[in-house]
Every structure is written in structure tokens, then in C-alpha cells.
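One line per chain: the protein sequences are A and B, in this order. In terms of my numbering, the first sequence is residues 100 to 317. In terms of my numbering, the second sequence is residues 997 to 1661.
A few of these clues could be false.
To be verified - A short, non-exhaustive set of chain A residues, derived as facing chain B with CB atoms under 7 angstroms: (1) A239; (2) L241; (3) R276.
Said to hold, decoys possible - Partial selection, computed: residues in chain B whose CB lies under 8 angstroms from chain A: (4) F1118; (5) T1120; (6) G1180; (7) L1256; (8) N1258; (9) Q1259; (10) S1282; (11) D1353.
Honestly, the hints are just simulated from the structure, not real lab data. Beta carbons are placed, not taken as given, at the ideal position from N, Cα and C, and that holds for glycine.
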Amino acid sequence: MQLFKSLAALVLLVAGAALAVTAFDPPARHVSPPAPPERTKAVLDLVSAQRFSLAQPYESAWRAERPQVRSGWLVVIAADPADCVPRNELESVLQWGAQTLERINSGTDSGRIVAVLADDALAGEAQLDLGAQPCFHGPAGLPERMDAAELATRLALAREDGLEPFAARTVGAALARGGAALEFRDRDELQLFAAQLILAHSPTEGDLARGMLVPRLK
Amino acid sequence: MGTLERSTLFLLLSIQPALALQVGTPHPSAIVNEHDLAGRALAGFPHFEFTLALQQSELLFAAIDPTLYTDVAGAQARIWVVADRSLAQWQLNPLLIDARGSPQPVNFSALDIQHNTFVLDFGTLSGDGGLAYGLGYDIVIDLDQDGTLSPGDHIDGLNDTGIWVVPDPTTAGPLAVTEVIYSGGTWFGQDLYYPTNIAGMGQLPIVIVSHGNGHNYTWYDHIGFHLASWGYIVMSHTNDTMPGPETASTTTLTNTDYLLANQATIAGGAINGHLDSHKISFVGHSRGGEGVVRAYNRVKTGHFVPTQYNVADIKFVSSIAPISFLTSTAATPTGVNFQLIYGASDSDVTGSPGSNDSKPFCFYERSTGNKQVIYIQGAGHANFHNNGGNCWCTGPNLIPAVEQRKVLLGYLLPLVKHHIQGHVAARDFLTRSYESFRPLSVASNVIVAKEWRNSDSLPAFVLDDYQTQTALNLASSGGAVTTNVANLVEGRMEDRDGSFDFNSSVPHNGMTNASDTGDQPRCAVFDWSGVDAFYELAVVSGQEDFRDDVWLSFRAAQGTRHVETNTLNAPLTFSVTLRDRNGVSSTIPLSSFGRVTRTYPRTGSGVGAGWANEWCSFRLRLSDFRRNGFFPDLSQIVAVRFEFGPSFGSTRGRIGIDDIEIVKQ
């Protein structure tokens, strides 16, 4: 399938970046990358959301169970840039409901994170209702070690902390910006599309996006 | 030269039939003396360090001890610097041809080695051996001044090379480099560097570079261009670090497979057939730094089976500022050659004792292969790549990124040269103390604490590694320990209170060498304050003969934020004595070769200044103890004694000491 069904989709994509939550100034240079929250912290906004499916599934490294991903949401999250500074010690685990968000970029300076929210294959590929569960930064951890039990515990922590799901209006606006559902051949085709989202929403991570868009060997 | 002193039967053939000998019927006078001659002068005893390598533009010295080689005492001779020849070549052609143009007449003194130390070259000798990395020379003392290598002469380099003159290892190599960036799909983005004229070069070793979290695979041009200019193929790949180091290790392994499997297509086929799949090395940064250790371990244990290579093909693993999330079982270098490069100013992988996952030194401790640490004061986390931006560095005296990367390249090249191609001279960069021998282009104010230890598989007599025999008066070798140092404790190298503050209940303060319970490195710590003190290890029966050995090796570190360390506030020195059965002893001051660095005065993690303990390795040549009339009998050494205090070095100090051993290479 074509990556873009129409030029309008691309325009909508770029427009979504401009119409979303007010951009933050890049955070001041830190002596150390900021530490993750000790408990949970809400993200700021949902910029866009778009359904996707894959003809060829991939194994996700973002869950300890290594599930196969066949479908999900491709989302752009707005977070505090201070929470988006990559670190090599433990980072916050970004989570939506009881599912890890597979971050494709860090959101450095922009606070805009492009991520895959996979349908939960372990729960019969249940499609997450974006308005039903909070999206949040969880405590420090390694996503590759997150299993269902640990994620459930973290979700409970988020609820204790009073974190709420996005409002219906926010979700609706994000869906409108995201556009129609996408059908990708495989994870690589999704990655190429995500690279364009990074260029649009987090341009300071241009090296990352351009590195992803390098021509494929035939 | 690196070999033991010996007199070598030298069979002359061909051009001087008067001296020609029949094989198997040596004439007693047909002896040349083969031993070390080349090196550098020292300010203190033993007054000369015989070395294997020097860098272009460094002075070349030669020296001979007249109290040991009495035949030179009072003699006149000529010293020749000859392009290196093999034994067979010397046998065919003993004519001396000086690489400097003419030999150097000298008059030998009978007094001591200092009076018999001569500058042979003021830095003009060429080290341009192209890809061979340096040029070798042999040094000949032509005693009979007949212009040939003849009986009675002395030579450094009869059976091997006397001295190597090598380029500064930060110098770019002679080859033009081509860079190609391509992708085999998600997580198979690769940035490839190879010699432009690879078509005529045969198979080349491969270096794989795995970046860290928040980094990018295109940020390692400095490594790629540098190593490729010296004849290697470098591939930096997209590394899946965000999920964690296990996932990162997978991308190291799969990208290596991909490169080898697709060489017919990559770069239009330019590298096809030129990848030496039996000479692969992994270099990882940060999460990639742990990832490459894990990658090696997965191949070794069979948890990952590559399609294009196997564990024996992986020649070394270099971890740059690695994180330490994984267990000591999952992430251990085991017996592969291993290098750790790390900055004391790192504010990402901080090395704080309060962080369980920030224990880079644990990988060195776990390694049982040839292993090395390069720990750079003032170096941050991010400046090991070349993207600029936030250095993730904190502390005083931060060094410029360009200097930090010089240190990185200056030790990566010798690492590759030695472990991949067996380059003998490159080993000098790895084993000698930093103050004794460092890349010349690195600014002189850059402070590096450097460790080296031979592989466990190499022969050694370990006097004490503190892993067994926990009684303070007994070494792990079983020999008695006698001492009058203060506050002696043996224990695990762990600062277990999460702070760099010193208190007596945590004697191994500042040691961050253990990451999980499977890490059990141990050492001794003690101090002295204003008076002389000693720490002596007896050599057990059956081990006293050191004649076949070459080095006394050990490591030492100053104790973080201890009152003695704070009061000294300087690099630390002490002396080492060997004593034979007859009571004859000889003492070498460590200061002749280097000093134990002062802990980097970084604040945080408690009160005061001083970051992690900085272990420094020292290798003292056993023959150096026999100098200027001091002649302990190396066939019956009964004690190795470390001596501290105003008579022997620093007036006061607090140190850890470990891995005291006698080695052959």
C-alpha cells in the first residue's frame, strides 16, 4: 500500500504538528539527564493518533513477553521536554494503560514523542480505547523487562496518583489530525512513516529521522 | 627488545669466512650478547627503562650497565642504529648500516648506567611503516669497531625487533577512506567505513560500533575514519537501546550478521570478499557498551547463534562508558580481550556508588582475558561520540571534546593492532603506565588512570589477588604477609553505603567495582601517615626463581575522600623492593615510572571532593632491580616488599592494592 494515500494526508500530518499544544522551549542544558519520576507523571497532550495494521507482524522488544504486533495506534504524544531527555541509566517507562509505548524517538527538546501503542496481543489483541486509560511516565525501568503484572502495578500507581485519561475532545481532535487508518506491509514501512512524523514534530531529532530514512539495500 | 638478556650463539655465514662457523660446532668466542639496549632515561633508579616502542619525534636512548656487562666498562665502541633484521638476515649479512647515516662513537664508563646512557636520535628516525604501523630498528654496540655484528658485540634485536618507532596512534593512517550509509530495514541502518582502495587489499578485520541511548549511528565518524585509514572495515549500526541492553545486544549481533551476509550488495559490492569474518571486534558506547559485552556472552553461551561467524571470531570487546543493568552472569566478557574506556566526569553513567546500574568497572573485574581500563579525568559521557551537544559532563577541569576523543582513538588503534594483528609495539601502549608512554598529541594536562592485566590463561605467579586466604597475614599464594601499615583491611571492592564520604565502617570507600552479588573482586586497603611503613609478601617455596619471568605487576588506587588522601592532595608514590635469600635487596621507586593518580576532585555523592578510586597498573621489569651493582639473585627471591612514607615516596597516603603477580610477558 502507498505510504500516503493522498497529499492531503501529508498536509494534515504537518498541520497537526502546528495546531497541537503550544511548543515548549528546549529545556536548559542539564548537568545530568533529569531523573525519572519516582512514581508516575502524566504526559501533557495527545497530538495525533492513527490506527495501523501490518501485513507482516513483528516481535516487540518493549514487553518482556516479546509479543507479536499486528496492529495498534501510531501516536504523537506531547510531554514536558524535561522528561524527554534521553539517558543511559534507567529512564521512565512510558505507558498507556497497561501497555508500554514503543517510543521511536526521545522527544528531545520538542517534547513530542512518536510512539507505537500496540494492540495487546496477550489480551487477544484488544484495541486500547484511547480515552479509557491514562498515558503516563512511569517509574524508571527497562521496557524489555516489563511484563503484564508489572505494567498492571504501574497502572494502579498511576490511578493512585490521580492520573486521568485524555478527555474525549482531546482524543477526537488527535484522531482527526492523525487521519485514516494505515496499512503497512511490515514494521519497516511503519518506521519510514514514523520518521516523517519525527521530522514534522521533533525536528531537532533530524539525525535520527534521516538515519531511519536511509535508502534500503535492494 | 622485550626478551631476556642472553648470550646468543651467532652463526656467521657467507661474507666473512674467517669467522664462519660450522653449524653444531660453535667456537666459544663466537658469541654476541643479546639484551635490551633501547629505551628512555629515567630521573631516578633504575635510571633507565628498556622499552619496545617509542613514538616518532621522541628521543631514542640506549644504555648499558657496566656493573652487569663488565666487558664494556672503560671501552670505546660505536653504536649503530640498524634497520631491523631477522636472525636469518643477520646471519646472512652482519654488515652494519646506520639508519642515521653514520655510527656513534662512545666511551663507556665503568661507573653506572647513567654514565652509559646515550641519546641515539633526537626524534628524526622514521616510523613510517605504512600499514605496518611503525618501523623497527636494532641497536648494536660494536665493541671491536669492525663495522659488523661480530662476537663480543652487544645487540638489542637479534631474534626480534630492538625498538619500534611508531606514529602517534591518534595520527590518521595512510589510506583514503570511503563512507557509505545504507539500510537493510528497521534496525539495520549501517554507516560503513572502508579503505577506498580496498579492491587490492585482501581480507580486512572488522570493527562493529554500537551506539548508546539517545545517540545515533552516524555520530562515530572519528572512529570509522581513523580505523579505516589504518586498514580496517568499520561499521556503526542503528542500535535498539531504548528497550534495554538485551535488545541492544541483539542489534549488535544481527547487524554483524547482516553486514557479512550482504557484502555482495553493500556499497555496490566494493567490500565483497574483503571482510575477514574471523577477525571481528565489538565497540559499544553506553547502553551499547553493556550491549556488546552481552552480545559476546550470548554467542559464547549459545543463546544466540550467528549465521556468519562464531565466538572464536570475536577478538576483542571495547566498552565505552557502559551501563551495568545486567547480571554478572549475563554480561561478562569472560576470556575475550576487553577494554573499558570511561570518563570521571560522566554525568549520565555517573559511577556513583548510589546507582546500582552505574558500575562500569565491574566489566573489567569480570574479565578473565587480557584487559584494560582507560579512565579519563575531565571526560564526560557524550564526547565519546562526535555529535557535539550536551557533553553530559560535570566536575572540575573538564577536558575539550577533541582531547577526549584523542585518548579514545589513541587507545583504540593499539588495541586493534595488538589483539587483531599481534602488533608487538602496540602492546606498549596498552601495558605501560600512562605517564611513561601515552599518545603524544594528547594534551599534557589530561590525566588518565590506566590498568592492564594479562589474561588468566597466561602464565603467572600470583603473589596476592586477595580472592582467597582472607587472613591479613596470609597472601592468596599462601605466603606470609608482614606489615606495619595502618588500618589494613581486605575485602570486597564495593563502596556499600551509596556515598563517597569516607567512614571507617566502609573501608573500601570509593570502590565501584561490583555491580551485583556475583561480583566479588577483593583487594587490600591501608594507610600511612608521616612515617615509613611497609607491606611485605613472602614468596612461597618453589616460586622463588624469577629468572624466567619478566615483570612484577600490580595495581594501586588512592582511597576516595580519606583524610590521608585529602591531606596528600596529589598523585601518590611509593617504592618496591625485591630481596633474595641472602638478604640482597634492590628498591625501585614507583615515581620513576609513574604515580597513582589523585582521585578526580569531583563533588557530589556526599560531602567533599573526590570521585571513584582510580586503579593504576604498574609493571616493573624484574631485571631493572639488578642495576648499578644492586644484584639480588633472581633465582631465589624470597620477598616482595612495598615501602611507603617519606623515605620511599609520598609522606602519607591511603591506598588499595591488588593483583600482585610475577608474569612472563
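Evaluated hints:
Because the beta carbon of A239(A) sits about 9 angstroms from the nearest beta carbon in chain B, more than 7 angstroms, this interface hint is broken. Checking L241(A) against chain B by beta carbon gives a least distance of about 4 angstroms; that is within 7 angstroms, so the hint holds. Proximity of R276(A) to chain B is violated relative to the hint, the smallest CB-CB distance being about 24 angstroms (cut-off 7 angstroms). Interface restraint check: F1118(B) against chain A, minimum CB-CB distance 46 angstroms, threshold 8 angstroms, status violated.
This hint is violated: T1120(B) has a C-beta 45 angstroms from the nearest C-beta of chain A, more than the 8 angstroms allowed. Against a cut-off of 8 angstroms between C-beta atoms, the interface hint on G1180(B) holds, since the closest Cβ of chain A lies about 5 angstroms away. Hint status for L1256(B): violated, given a least beta-carbon distance of 14 angstroms to chain A, over 8 angstroms. Annotation: N1258(B) was flagged as interfacial toward chain A, and the flag holds, the nearest CB pair being 6 angstroms apart, inside 8 angstroms.
For Q1259(B), the suggested interface contact is broken, since its CB lies about 11 angstroms from the closest CB of chain A, more than 8 angstroms. Interface restraint check: S1282(B) against chain A, minimum CB-CB distance 4 angstroms, threshold 8 angstroms, status holds. Annotation: D1353(B) was flagged as interfacial toward chain A, and the flag holds, the nearest CB pair being 6 angstroms apart, inside 8 angstroms.
The earlier numbered hints that this structure contradicts are 1, 3, 4, 5, 7 and 9.
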